[in-house]
Amino acid sequence: MVPDGAGLHQLGGWTVIGLLVLFFGSTFMMTLFIGRKKENADGYMTAGNKVGFGISAGSMTATWIWASSMYASATSGYTYGISGPIHYGLWGALMILFIYPFGKRIRAVAPKAHTLAEVMYARHGKSSQLMLAGSNIVGSMVSITSNFIAGGALISLLSPFSFTQGILFIGGGILLYSLWSGFRASVLTDAIQVFAMLGAVVIIIPVVFFAAGGTDMLVTGASKLTPQQSNFFSSEAFLNQGAPYIAAVLAYAIGNQTIAQRLFAVREDLIKKTFITATVGYGATIIGIGMLGVMALYAGVAPLDGDTNNLIPQMAATYLSPVLLGIFLIMIIGALSSTADSDLSAMSSIMMADIYGQNIAKKGEANPKTMLFVGRITMIVATGAGLYFASGKLNILDLLVFVGALWGALVFPVIASFYWQKVTNKAFTVSVLVALAFFLPIRFEWIPMTGATGIIVDVLSVIGIGVVLGLMAFGFFGLKTAKIVAGVAMVAAAPFAIGFLHGYTVLSGSLVAYAVSTLVCYFMCFSNNATFDFDSIKKRIGDFDDRAEADHTDSGSLLEKKA
Amino acid sequence: MSVFFLTLYILIWPVIVAGVLYVLGKAFIQEIRAAKREGRPLI
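Here the protein sequences come in this chain order: A and B. Be aware that the first sequence starts at 1, since it is given in the working numbering, and climbs by one per residue. Be aware that the second sequence starts at 1, since it is given in the working numbering, and climbs by one per residue.
Just so you know, the hints here were simulated from the structure itself, not pulled from any lab data. If a hint is listed, it holds; no wrong ones were tucked in.
Here are the simulated DSSO-like cross-link-like pairs (lysine-lysine), alpha carbons at most 27 Å apart as the crow flies: (1) A:Lys362 / A:Lys112; (2) A:Lys126 / A:Lys363; (3) B:Lys36 / A:Lys37; (4) A:Lys272 / B:Lys26; (5) A:Lys538 / A:Lys369; (6) A:Lys273 / B:Lys26; (7) A:Lys50 / B:Lys26; (8) B:Lys26 / A:Lys104; (9) A:Lys273 / B:Lys36; (10) B:Lys36 / A:Lys112; (11) A:Lys273 / A:Lys112; (12) A:Lys369 / A:Lys50; (13) A:Lys422 / A:Lys112; (14) A:Lys272 / B:Lys36; (15) A:Lys126 / A:Lys369; (16) A:Lys273 / A:Lys50; (17) A:Lys369 / A:Lys37; (18) B:Lys36 / A:Lys38; (19) B:Lys36 / A:Lys50.
Being a predicted model, the structure only gives us computed values, none of them experimental.
Required output: the full structure, derived from the provided sequences and hints.
Here is the structure:
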């Protein structure tokens, strides 16, 4: 432990190397226990569709907790005060909760699917499939880049190593344990990493609280907060942080292949239990970590270099002992690894099932060995691309908000495709493209939001509010309740939103994307006579690999071969 | 918000996380035992 000159403490170079070798080495050893000499292609993508509750809930929790979400929650607490972490963590948690009723329907329609895009192919055709697969790939690339940046920044802040050395350690370590067994390695190591992460959270938050002064800090620091920051029902926090995230709840859930992959992997009767547990686990962890930002606000801590992403490492380096600082490093490395390995398996599944399996190989003739090769090459290329983008230090959270809105344009067409026979491939494709054409000029303010333009944007945003809340209600309570919720939400929001909401371009852009894709899709479909037999999907989507999936011994354990 | 409730608000989250850890840990151990008993791979 050596001072770094900025009043913080660093871990020594060999200590950091030891911790990284311990973390990635033990994770790699774990994958040797489940690795097979001849992996099954379907197992590589969904682990045989029968993963148990403990592993799948642990994996879902670990996947959704990523380093950037920890940093963003603390930033929200520091910026918006005591309600900030709630407005980040609660809505992020609801992304997991609100997907499960739709997930049960998707799983019933396509029990042996590997990706959501694959189901879109069976339901509509190539253009819908590739739009969804493309947005999934972009989202996962943004996510993996963000995690590499978070890891590199943390290592450069807490050790003598540079940012570039940090991202190389992280990228190499994750690829090492993910490459051979794919999703099976990801889901098992996630379940183990979640114990390290959650265990660290349980220890670190109270330790920092009392080390920073405990209740005395809250008494003396109260004067440092603005009235909005000390208000639990802060309108500023809701409009700037909460509302855009509520709008993104369904978008992230639908647009993220890492969630879909776990929906297809978990035993079908355990979907509800798994996703509710992951909701609570994610929410409590991320809101709890966000409290470090609130504590920094009360303690009067100024973020290093003015960058609020430095707040969490700064609080840790200021208030934790060397041993706890090591545990903190493992917590962040665990958070970013568990998400990055999930993104790697998500991208490899899309390339295996959607690109090779359904668009390159002849129908019914996909070669499982070629498929596995495609999956592994995808992981290597994606890691290389992630390291390249990370070295450019792009503003990831801005990119993520942008991707979230892109996914927003897909939400209604995707969900409707699983319930409504009349949705056609043409309606799906056109509605998404038109929604994007509306979203881009609003989000990036290419046109002035004055006069009639502002009012039109506000009216569409109000419809977007109805769509978002209506779809949320539809998942749990059905169509009748959804219509009532949507109607009440629009009537209630209109007096406040019209003439006002266009000033918040992130929020209104996202809501307009929802509204336009819904309106276009609905009006292109409601009068047609198209019918669709949903039972036909399960006949068209099945296993690519008929080699033994469940028989561990036949396929040769890697560990047995090495012994 | 009073200091008491603010303290409770900050420290309640690690307690909830500990509860989730217990549930996940218990389920994970049960799955390992079931896999051993039935002679099948864990995943």
